[in-house]
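A.B. asks: Top line first, the protein sequences correspond to chains A and B.
Each position in the first sequence, counted from 1, maps to that position plus 11 in the numbering used here.
Each position in the second sequence, counted from 1, maps to that position plus 11 in the numbering used here.
Honestly, the hints are just simulated from the structure, not real lab data.
Ideal placement from N, C-alpha and C gives every residue a C-beta, glycine not left out.
Do not take every clue at face value.
[To be verified] Between beta-carbon pairs, the in silico distance windows are:
| # | chain 1 | residue 1 | chain 2 | residue 2 | range |
| --- | --- | --- | --- | --- | --- |
| 1 | B | TYR96 | A | ASP438 | 54 to 64 Å |
| 2 | A | ASP400 | B | MET12 | 33 to 43 Å |
| 3 | A | ALA157 | B | ALA97 | 49 to 59 Å |
| 4 | A | ARG92 | B | ALA136 | 53 to 63 Å |
| 5 | B | ALA54 | A | ASP438 | 22 to 32 Å |
There are 2 protein chains.
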Amino acid sequence: MTQFWAEHAWLGADLAEAGVVITVADGKIAAVVKGVMDPPGEAMRLDGLTLPGFANGHSHAFHRLLRGRTHAGSGSFWTWREEMYAAAATLDPDDYHQIGLQVFGEMVAAGYSAVGEFHYLHHGADGTRYENRNIMGDALIAAATAVGIRITLLDTLYLHGGIDESGEFADLDAVQRRFSDGSAESWAERVAGLSEGPTLRIGAAVHSVRAADRTAIEAVATWAREANAPFHAHVSEQPAENTQSQAAFGLSPTQLLAEAGALGTRFTAVHGTHLDDRDIALLGSSSSNVCFCPTTERDLADGIGPGRSLVKAGARLSIGSDSQAIVDPFEEIRAVELNERLATQVRGNHSVHELLTYGTANGYAAIGWPEGGRIEVGALADFTTITLDSFRLEGTAPAHLLASAVFAATASDVTTTVVDGQIVHTD
Amino acid sequence: MTQFWAEHAWLGADLAEAGVVITVADGKIAAVVKGVMDPPGEAMRLDGLTLPGFANGHSHAFHRLLRGRTHAGSGSFWTWREEMYAAAATLDPDDYHQIGLQVFGEMVAAGYSAVGEFHYLHHGADGTRYENRNIMGDALIAAATAVGIRITLLDTLYLHGGIDESGEFADLDAVQRRFSDGSAESWAERVAGLSEGPTLRIGAAVHSVRAADRTAIEAVATWAREANAPFHAHVSEQPAENTQSQAAFGLSPTQLLAEAGALGTRFTAVHGTHLDDRDIALLGSSSSNVCFCPTTERDLADGIGPGRSLVKAGARLSIGSDSQAIVDPFEEIRAVELNERLATQVRGNHSVHELLTYGTANGYAAIGWPEGGRIEVGALADFTTITLDSFRLEGTAPAHLLASAVFAATASDVTTTVVDGQIVHTD
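For reference, chain A alone in the conformation it holds in the complex:
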C-alpha cells in the first residue's frame, strides 16, 4: 500500500477537490478520501493539481526523429510523407529502442501515463524478416517498460502501397516493404508471438484503407473481436484518401470499415478530419472512438475535424501526439476546442470537463484500458501532477483550476507522473 496526498485533484466533478489522499495497492486505486488538509506523514506529497494520467492515443515513436527537420517544409502531407519514409528506411531495432526511450521519456515528463503505439516498422530495411519477427515491437515495449509508461502496442497491418487512379491497389514501394507481413494471416501469426503484462496490452491496427483490402480488414476486425482488443486505423486524414477509397470501394473509408465489421467501442478512427455526415453518423451510432491529433493536424495541414458533431452523434474523442512535433497533452486537449473555434467562429464547443475526459478516460478506453484515466476506487493508479507555481498558473483561484490547466498549462508544468502506482517521472 502506498499513499499520495494531492493538494488538489480532479475526481471527475466540475471542480477540483482539495486535500485528496489516494491509496494505491497492486497498481490500482484502493481508496480516495477528500478534504484531508493535513498530509498524512507517510503520504507522498503532490503539491499542485493532480489529474488522471493522460493517454496518448496515437503515437509513432520514430517520428521524433523528424522534429525540426520537416516542420518548416512546404508542399503537402504527401511530400512530408517522403521525408518520413526516409527516416523509416534507416532504423534498426536498437535505433528503434533508443528513439522509444527518448520519446516515451518525454511523454511521462509531459503527463502522459499511457501510450497507444501505432507500430508498423516490423521487418528489416529491405523487408527481410528478422529472426525474432517481433524484434521491432519488442524494442518499443522494452523502451516503454524502461521508462515506466503503460503501453498498448497497436500492431499494424500494412499490405499495399496505396490506391491508384483506377482504384487498384499499388505495389509496395521500397520503404513500405518493411511494413508488410504479406497477408493478414501472416500478420496474425506474428502477433500471436506477443504477450501482455500488467502495463502492456496488444491491440490491432490496419494502417488505412489505402494499405489493406477489405478481406484483410475483415480478418483483423475478427481478430480484434475475438481478442477483445482495441482496433485502430487512420481514417480520412486527407481528402485524397477519401477519393482513393471511393475509387477502390465505392465507399468512404468509414463506410468500408463499417461494412468490414470494424466499428464499435473497441474501434478508434485516427484523425477523422474529412468525414461526411454519413461517416459521422456511423462512428457516433456505433460509439466508436475518434482520436484527434490536433498539433499534428496543424503541422501537416490536414485541416480541422468535426469534433462537436462527432460527440453529438455519440462518438468518443481522444487525443494523440502522432508525429511528436509537440508532446504536450495540454496543448492537444485545448487544441480540440481552439481549432474548432477557428473553424466555426463559436466558443465553447467542448467543456473543460469534456476536454479533460478526452485526454484521460476516453483515451485510456480507446487503447484498451477502460479501467484507467480516472481517479476513483478500482481504477488504474495512473496520475500526473502539475505545479501551480509557474508563471502560467500562479494565482489561480480554486474555482478556475481546471479551466486554467486546460487552457494555460503546458507539459513543462508537470512535476510528477505515476504509472501502476509507481513514480515514473519527478522533477
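Starting from the known structure of chain A, fit chain B onto it as the hints suggest.
C.D. replies: Just chain B, lined up with the frame of chain A:
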C-alpha cells in the same frame, strides 16, 4: 562594455552561427564576432541558442486577470467582452501596477524583451479623472521598468461605445467611461504629460473604428506623424466590426483608416482577421504592419487572418500575446504558420526565417524601435536564449536549430533574457 558568448546565435542568416561573442556598450550591440569556440573568460556564457529578443506587439496587461476565468466560456467574442469589462471595472492604479509586474515578468521569462502595451484604462472606475491623469499609464511603465522589459505605451483613444444598427455611434457604457478622454484634444493634452526614456517610448492608438470617429482618428494620425510615433488600432477582428464600419462610414475599417491618413510604416493593424482584398492591398502598398495574435484569435474564435496574402502584398507581420491566455512567443510565431495551414491545407506558407522576423525585427519596428530585434552592430542589446537540453530540443542538429526553435520550443525553454544590455531574466 559587457561581453556575452552565445553557443549558437541567429544573426539573420538561414542557419544559426556557432560561438558568437556579442559585445554590448550603452545598451547597444557594439561588436559581433562569430566562430569563437572558446568562450572568453570575461564573457557571460549563454549556452543553447540565442535569438534577438521577441517583441510582444500587442498586450493588454490586465487581461492576465482573466486567465482560466473566461477561456472555457461559450458564446462569442461579444459575451467574452462582458467578462473582460467586469475585470476592467475593478482596477485601481495599484492593481494595475501589480498585474503589470506579474505579466511583464512572465513575458521576459518567456523571451519577450519588448512590449507594446495597448493601454486604455485611463481614468477612475466611474470615469472620474485621477489627480495625475496618467497615473494608470505610469503604473504600467513603472511595472515594466521594475521588470526590465522595454515598453512602448500605446496610449489609446476611446470615445464611443460602438456603432448601432443605424450607423450612429452609441454612448459609452458604465465601464467604458474610464476609457474615454472625451475628445482627441483632451487625449493629446493628457499624453503630452508622458515622457520617454532609454527603454520607454510613447505611441498612439485608437481602440478601433467602433470607438473613434473619423475626425478623431485623423487627429491621432496627425499626432503620430508629427511625433514620428507608432500608431496602432484593432482592425477587423470580428465580422461585426466590418458591418458596423460599413453602416457608419460606408467603408471597411482599413479603408476608413487609409482615408484618415493612418496607414504607413508606423501604423499597425492589430488582428486583421477579416480583411477583404482591397484592405490587404491598402495595408500592403502602404507597408503597414499587421499584428497577429494567434493564440488569442483561437481563444476568441476570431478566425484565421490572411497572413500570406498580407506579406505578399507588402505588409509586415508581427505577433502579440493580447489576452495573455498564453504568453509564449514560440507558440505565437508557429501559430501564424500552423493556423494558415489549417485554413489552406497547404504547408510552408511562411519560412522559418520569416516567422522569426515577425517575432523579432518586425515587432520591434511596429512598436517604434526599428533599431531592435536583430543581433548586429548598432542594434539594441536585447536578446534571449533557449536551452537545447530540454526534452523538446535535445539532440537537435545545428542545421535544424532554427526550425526546431520555431516549431518545438516553448516559453519554458528560455533561460536568459537581456534588455538594454542588462540581464532581466535568468533561471
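A.B. asks: Determine which of the earlier numbered hints do not hold for this structure and return their numbers in increasing order.
C.D. replies: 1
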